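Student: Okay, here's what each chain looks like letter by letter:
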Amino acid sequence: AQSVTQLDSQVPVFEEAPVELRCNYSSSVSVYLFWYVQYPNQGLQLLLKYTSAATLVKGINGFEAEFNKSQTSFHLRKPSVHISDTAEYFCAVIPLGGGADGLTFGKGTHLIIQP
Amino acid sequence: EPEVTQTPSHQVTQMGQEVILRCVPISNHLYFYWYRQILGQKVEFLVSFYNNEISEKSEIFDDQFSVERPDGSNFTLKIRSTKLEDSAMYFCASQGTSITDTQYFGPGTRLTVL
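Protein chains in written order, with my numbering: chain P, 137 to 251; chain W, 497 to 610.
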């Protein structure tokens, strides 16, 4: 079984400042890792995914994440945030061979951009 | 760009009533999922569906729940007799031709049970 921990339920950041949203996972097997974003009143949109290629993954909207196997982490970063980045961000995992069990999600981190 | 759609966006029902939540997955996708998110909690897997049958289901997906792909385009989740604790946002997801493809999510249906 897998589990995902997003330690920060809320992260307030000033506009144009850098941000890091933390994600740690636990799994007895190798996994794929994902970050999804949920804008207000919308569904979950894929930001980026790690599928065992390069450890630094670049996604949409200027976000990137780095897979660290020894620390079992997949933190999401952006060098300069905008008001439009205000949203809920979810980290998720699935076993390497795919899994009919579906994605296992963290509780989410609410990114609040302050002007 | 193709997208997953869900209807209705918001459903209010009385406890004990049956509800059907509808999803139209991306065409030519083969794997389908339902997830739910109770307010303030994490998104949880309910059920996966492939080749017209359930592949996996979580312990949440008890006998009150059922899924169906009645006409080759819609994918439905039925809750037979709703309980207060079924109030949540329900997300449908579809996935391409491989179990390792990305899952694409719909906008969700907010179910409120009174």
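The hints are simulated quantities; they were obtained by calculation from the structure and are not laboratory data.
Treat the numbers as computed from the prediction; the structure is a model and nothing was measured.
From the three backbone atoms N, C-alpha and C, an ideal C-beta is built for every residue, glycine too.
A portion of the hints provided could be inaccurate.
To give an idea of the chain W side of the interface with chain P (calculated C-beta under 8 Å), a few residues [said to hold, decoys possible]:
no.	residue
1	H525
2	Y531
3	V539
4	F557
5	F587
6	I595
7	T598
8	P603
Covered by chain W, per the in silico footprint, the following chain P stretches (three or more residues, Cβ under 8 Å) [said to hold, decoys possible]:
no.	stretch
9	182–193
10	210–221
11	237–243
Student: Run every hint past the structure and note whether it holds.
Tutor: Right, here's what the structure says about each hint:
| no. | hint | in the structure |
| --- | --- | --- |
| 1 | H525 | 14 Å, violated |
| 2 | Y531 | 7 Å, holds |
| 3 | V539 | 4 Å, holds |
| 4 | F557 | 11 Å, violated |
| 5 | F587 | 6 Å, holds |
| 6 | I595 | 3 Å, holds |
| 7 | T598 | 6 Å, holds |
| 8 | P603 | 4 Å, holds |
| 9 | 182–193 | holds (count 3) |
| 10 | 210–221 | violated (count 0) |
| 11 | 237–243 | holds (count 7) |
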